[in-house]
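Chemist: With chain A held as given, fit chain B onto it using these hints.
Number of protein chains: 2
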Amino acid sequence: MTISIDDIRINGERLWDSLMTLAQIGATPKGGVCRLALTELDKQGRDLVTGWAREAGMTVTIDKIGNGFMRRAGRNNSLPPIMTGSHIDTQPTGGKFDGNYGVLAGIEVVRTLNDLGIQTEAPIEVAFWTNEEGSRFVPVMMGSGVFAKAFTLEHAYAARDTEGKSVKEELERIGYIGSEEPGDHPIGAYFETHIEQGPVLEDHDVTIGVVQGVLGIRWFDCTVSGMEAHAGPTPMALRKDALQVSTYLMQEVVASALRHAPHGRGTVGMVHVHPNSRNVIPGEVKFSIDLRNSTDALVDTMVNEVVAFAAELSEKSGLTIDIKMVSSYPAQGFHADCVDAVARAAAKLGYSNMPTVSGAGHDAVYTAKLAPSGMIFIPCKDGISHNEIEDAKPEHITAGCNVLLHAMLERAVVVV
Amino acid sequence: MTISIDDIRINGERLWDSLMTLAQIGATPKGGVCRLALTELDKQGRDLVTGWAREAGMTVTIDKIGNGFMRRAGRNNSLPPIMTGSHIDTQPTGGKFDGNYGVLAGIEVVRTLNDLGIQTEAPIEVAFWTNEEGSRFVPVMMGSGVFAKAFTLEHAYAARDTEGKSVKEELERIGYIGSEEPGDHPIGAYFETHIEQGPVLEDHDVTIGVVQGVLGIRWFDCTVSGMEAHAGPTPMALRKDALQVSTYLMQEVVASALRHAPHGRGTVGMVHVHPNSRNVIPGEVKFSIDLRNSTDALVDTMVNEVVAFAAELSEKSGLTIDIKMVSSYPAQGFHADCVDAVARAAAKLGYSNMPTVSGAGHDAVYTAKLAPSGMIFIPCKDGISHNEIEDAKPEHITAGCNVLLHAMLERAVVVV
Numbered sequence: 007m008t009i010s011i012d013d014i015r016i017n018g019e020r021l022w023d024s025l026m027t028l029a030q031i032g033a034t035p036k037g038g039v040c041r042l043a044l045t046e047l048d049k050q051g052r053d054l055v056t057g058w059a060r061e062a063g064m065t066v067t068i069d070k071i072g073n074g075f076m077r078r079a080g081r082n083n084s085l086p087p088i089m090t091g092s093h094i095d096t097q098p099t100g101g102k103f104d105g106n107y108g109v110l111a112g113i114e115v116v117r118t119l120n121d122l123g124i125q126t127e128a129p130i131e132v133a134f135w136t137n138e139e140g141s142r143f144v145p146v147m148m149g150s151g152v153f154a155k156a157f158t159l160e161h162a163y164a165a166r167d168t169e170g171k172s173v174k175e176e177l178e179r180i181g182y183i184g185s186e187e188p189g190d191h192p193i194g195a196y197f198e199t200h201i202e203q204g205p206v207l208e209d210h211d212v213t214i215g216v217v218q219g220v221l222g223i224r225w226f227d228c229t230v231s232g233m234e235a236h237a238g239p240t241p242m243a244l245r246k247d248a249l250q251v252s253t254y255l256m257q258e259v260v261a262s263a264l265r266h267a268p269h270g271r272g273t274v275g276m277v278h279v280h281p282n283s284r285n286v287i288p289g290e291v292k293f294s295i296d297l298r299n300s301t302d303a304l305v306d307t308m309v310n311e312v313v314a315f316a317a318e319l320s321e322k323s324g325l326t327i328d329i330k331m332v333s334s335y336p337a338q339g340f341h342a343d344c345v346d347a348v349a350r351a352a353a354k355l356g357y358s359n360m361p362t363v364s365g366a367g368h369d370a371v372y373t374a375k376l377a378p379s380g381m382i383f384i385p386c387k388d389g390i391s392h393n394e395i396e397d398a399k400p401e402h403i404t405a406g407c408n409v410l411l412h413a414m415l416e417r418a419v420v421v422v
Numbered sequence: 007m008t009i010s011i012d013d014i015r016i017n018g019e020r021l022w023d024s025l026m027t028l029a030q031i032g033a034t035p036k037g038g039v040c041r042l043a044l045t046e047l048d049k050q051g052r053d054l055v056t057g058w059a060r061e062a063g064m065t066v067t068i069d070k071i072g073n074g075f076m077r078r079a080g081r082n083n084s085l086p087p088i089m090t091g092s093h094i095d096t097q098p099t100g101g102k103f104d105g106n107y108g109v110l111a112g113i114e115v116v117r118t119l120n121d122l123g124i125q126t127e128a129p130i131e132v133a134f135w136t137n138e139e140g141s142r143f144v145p146v147m148m149g150s151g152v153f154a155k156a157f158t159l160e161h162a163y164a165a166r167d168t169e170g171k172s173v174k175e176e177l178e179r180i181g182y183i184g185s186e187e188p189g190d191h192p193i194g195a196y197f198e199t200h201i202e203q204g205p206v207l208e209d210h211d212v213t214i215g216v217v218q219g220v221l222g223i224r225w226f227d228c229t230v231s232g233m234e235a236h237a238g239p240t241p242m243a244l245r246k247d248a249l250q251v252s253t254y255l256m257q258e259v260v261a262s263a264l265r266h267a268p269h270g271r272g273t274v275g276m277v278h279v280h281p282n283s284r285n286v287i288p289g290e291v292k293f294s295i296d297l298r299n300s301t302d303a304l305v306d307t308m309v310n311e312v313v314a315f316a317a318e319l320s321e322k323s324g325l326t327i328d329i330k331m332v333s334s335y336p337a338q339g340f341h342a343d344c345v346d347a348v349a350r351a352a353a354k355l356g357y358s359n360m361p362t363v364s365g366a367g368h369d370a371v372y373t374a375k376l377a378p379s380g381m382i383f384i385p386c387k388d389g390i391s392h393n394e395i396e397d398a399k400p401e402h403i404t405a406g407c408n409v410l411l412h413a414m415l416e417r418a419v420v421v422v
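The listed protein sequences derive, respectively, from chains A and B.
Counting with our numbering, you get residues 7 to 422 for the letters of the first sequence.
Counting with our numbering, you get residues 7 to 422 for the letters of the second sequence.
Next up, chain A with everything else stripped away, as it sits in the complex:
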């Protein structure tokens, strides 16, 4: 009896066991994981994963920024590999799934192919990218960023943690500084499975998110300057209340996102009031503005609206409003071929699925600059991530990996 390729499935239990085993390295009492980039624990995690890869017959290449490429040979090894991957570093109070799932899903795909003796035309690779989280060293998505030449290797090497240790020193110390030049590594196509880190799939009771792209982001610091005065003796008409003026701009940040649905996002997350005393009218308020949308043009529109609103508000109130951009990340749409491959795989496997976007950055944003890329999202409990209580259901973990398997096989081509 031969099995049709359409009928093959990964081993969900084995994948789950691997996730739980990796999660023991840096396990926290609350059920989360603390495995910061380039620490001793990160080394242990890398050793475990590369060990599993070698057991599965894969070769391991490490590049100069510590990115790992675990390769299962294809029939035609001159073809660029069909790649998957993510990261195995975590937030200080991170969970078991963020990043780790993307790497181990790749290992599970290879194990499944091995079990079934399936050969692919193109090689298959599983990558783990260095320091995606950015908790210990900035910038975030460091390994894939250097790989995509978003910034230089030297810039990344020079980054230091709060104790003054540099990325280069720590890479050397844990033995994960390779000889391959980052980026000197062809990619045929790239898929990344990841928990959604948001509530949309759960809210729609859908198993697979077919990720269309990653939202563009602009970060601003806003300062509203009024006049500090006593709350008692100062009549309303003579006030220059920086907080009251700020509240209108804070509302506009959200209003602008709502006007540019469905992917507009507007958030004021950080507020500092001066002098922050119960009976003193605030003289100065500083707050952050975070604007996101699916295209840079839409983000630009939102930014222009918020800035124009602030100018009008400043004129009306007589208070100074200063808005300064602090960061900008362009939107990144994924390649239609990859997006479609994910959608086709989900449909073929009978999983409920929907188009979705990623509001947060991922390594796939950088690979998308080099090769056709796509992402597969699965639901996470209550949309919570970057938290020790981050959780995902085994059936969703399995489903996402099955979609990955079939999307990769479509691109890598099974040798019959």
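Some clues are possibly wrong.
Copies of the same chain look alike in the list, so a pair counts if it fits in one copy or across any two.
Only pairs whose alpha carbons sit at most 35 Å apart, straight line, appear in this in silico DSBU-like list of lysine-lysine [to be verified]: (1) Lys399 x Lys322; (2) Lys330 x Lys246; (3) Lys171 x Lys292; (4) Lys322 x Lys292; (5) Lys292 x Lys387; (6) Lys399 x Lys387; (7) Lys246 x Lys399; (8) Lys322 x Lys387; (9) Lys246 x Lys387; (10) Lys36 x Lys330; (11) Lys246 x Lys292; (12) Lys155 x Lys375; (13) Lys292 x Lys330; (14) Lys246 x Lys36; (15) Lys36 x Lys49; (16) Lys246 x Lys322; (17) Lys171 x Lys36; (18) Lys49 x Lys387.
No lab work stands behind these hints, which were simulated from the structure alone.
Modeler: Coordinates of chain B only, in the frame set by chain A:
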């Protein structure tokens, strides 16, 4: 040639000199004063002022909470004294005028009467009340509060500063713990001159504020509880943004004050956002609410409006809003006789004047519970007080003291 009583004036230069001399005790490099209650500097200030009083022929009585009563005998000393006063302690970064002006204006009135050989029917007293500022020991307005039995002597004695020193220990140490029972001291009428500590008089270019009363105050702590979530992956419709909901309630605090003009005041001075991170939707926001108005009924109405608005907002948003009262100070109207005496004196002297209210507490709030009381406000620069740059014009200092002189003489009755 005899001088008509209507023509007498205080010596503005002498009063100014006394203010500047007292301001040297605890002078700060920025031109302010730091003379915290019951410190060595407070003792020096008290010694200086009581020394001046004795030089002016006054007797000095200290009560058990350290309030000082400096008395110029009248013809009929069985009459309760016509009293003025204020405090000589300051904020840690206080100015030269807050409190100090009220005490030294009283001394100047007596010096003027002495110069002109004017005798009054009732005795005249100048009081300095212990720890009005409340910077070192709480509660504020401690001396006048114990005097008016708003709280007990034992309660005040037990108050400790951050170093653990008690009011009683410190009163003993500086030698200002008297034997008179606080409150066992009749008052015929009480006037207090004070800088406005607000911008109204300056804004109206008026010299004398005829204070009608002190606003009632209610303080609340408000907590809005939503759900902390990532700013990127969480669509607008699935958010429970505690800050956005808070902004509407913050605006209502001001709207309610505007609906209850002219004396309604609404302030949100203190805000704490959790977790206060740029890319995290605020899960919880705590902020203060300060509501004031000229009558308790008006304050009640404002409170009811704000609470009703919060309930509606909570229902509409689905977020929990908790509002807890932390302090309540009733409104205190001043006695018509005293208010009128101040208005008449200002008019007689040809000073521009207007009815006004005090948005902040003063010792006169407590004396008003025991005897007819009133206050005289003069402008201060930019309405700024509790600040080293607090400033007042010599001509306003003089004017306020002249009004005090004539208001007191009206009540004390000149012996012809």
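Chemist: If a hint holds in the structure, say so; if it does not, say that too.
Modeler: Now for the hints, and whether the structure bears them out:
Taking CA atoms no more than 35 Å apart as the test, Lys399 paired with Lys322 passes between copies only; the shortest distance there is 32 Å, against 52 Å inside one copy. For the identical chains of this complex, Lys330 and Lys246 are neighbours both inside a copy (22 Å) and across copies (27 Å), given an alpha-carbon limit of 35 Å. In this homomeric assembly, Lys171 and Lys292 come within 35 Å of each other (Cα to Cα) only inside a single copy, at 32 Å, whereas the closest approach across copies is 38 Å. Taking the shortest alpha-carbon separations for Lys322 and Lys292, both the intra-copy value of 19 Å and the inter-copy value of 28 Å come in at or below 35 Å.
For a Cα distance limit of 35 Å, the shortest separation of Lys292 from Lys387 qualifies both inside one copy, at 33 Å, and across copies, at 27 Å. For the homomeric pair Lys399 and Lys387, the shortest alpha-carbon distance inside one copy (8 Å) is at most 35 Å, but the shortest distance between copies (66 Å) is not. Within a single copy, Lys246 and Lys399 get their C-alpha atoms only as close as 52 Å, which misses the 35 Å cut-off; across copies the closest is 24 Å, which meets it. With identical chains, the CA atoms of Lys322 and Lys387 are at most 35 Å apart between copies only, with a shortest distance of 25 Å across copies and 45 Å within one.
In this assembly of identical chains, Lys246 and Lys387 lie within 35 Å of each other by CA distance solely across copies; the values are 16 Å between and 45 Å within a copy. In the homo-oligomer, the alpha carbons of Lys36 and Lys330 lie at most 35 Å apart only across protomers (33 Å), although the nearest pairing inside one protomer, at 39 Å, exceeds that limit. Taking the shortest Cα distances, Lys246 and Lys292 sit within 35 Å of each other both inside one copy (15 Å) and across copies (22 Å). Proximity of Lys155 to Lys375 under the C-alpha cut-off of 35 Å is restricted to the intra-copy arrangement: shortest distance 10 Å within a copy versus 76 Å between copies.
With identical chains, the CA atoms of Lys292 and Lys330 are at most 35 Å apart both within one copy (11 Å) and between copies (27 Å). Only between protomers do Lys246 and Lys36 lie at most 35 Å apart by alpha-carbon distance; the minimum there is 25 Å, versus 47 Å within a single protomer. Taking CA atoms no more than 35 Å apart as the test, Lys36 paired with Lys49 passes inside one copy only; the shortest distance there is 22 Å, against 57 Å between copies. Taking the shortest Cα distances, Lys246 and Lys322 sit within 35 Å of each other both inside one copy (12 Å) and across copies (30 Å).
For the identical chains of this complex, Lys171 and Lys36 are intra-copy neighbours only, at 28 Å inside a copy versus 44 Å across copies, given an alpha-carbon limit of 35 Å. Taking CA atoms no more than 35 Å apart as the test, Lys49 paired with Lys387 passes inside one copy only; the shortest distance there is 29 Å, against 65 Å between copies.
Comparing the model with each earlier hint shows no violations; every hint is respected.
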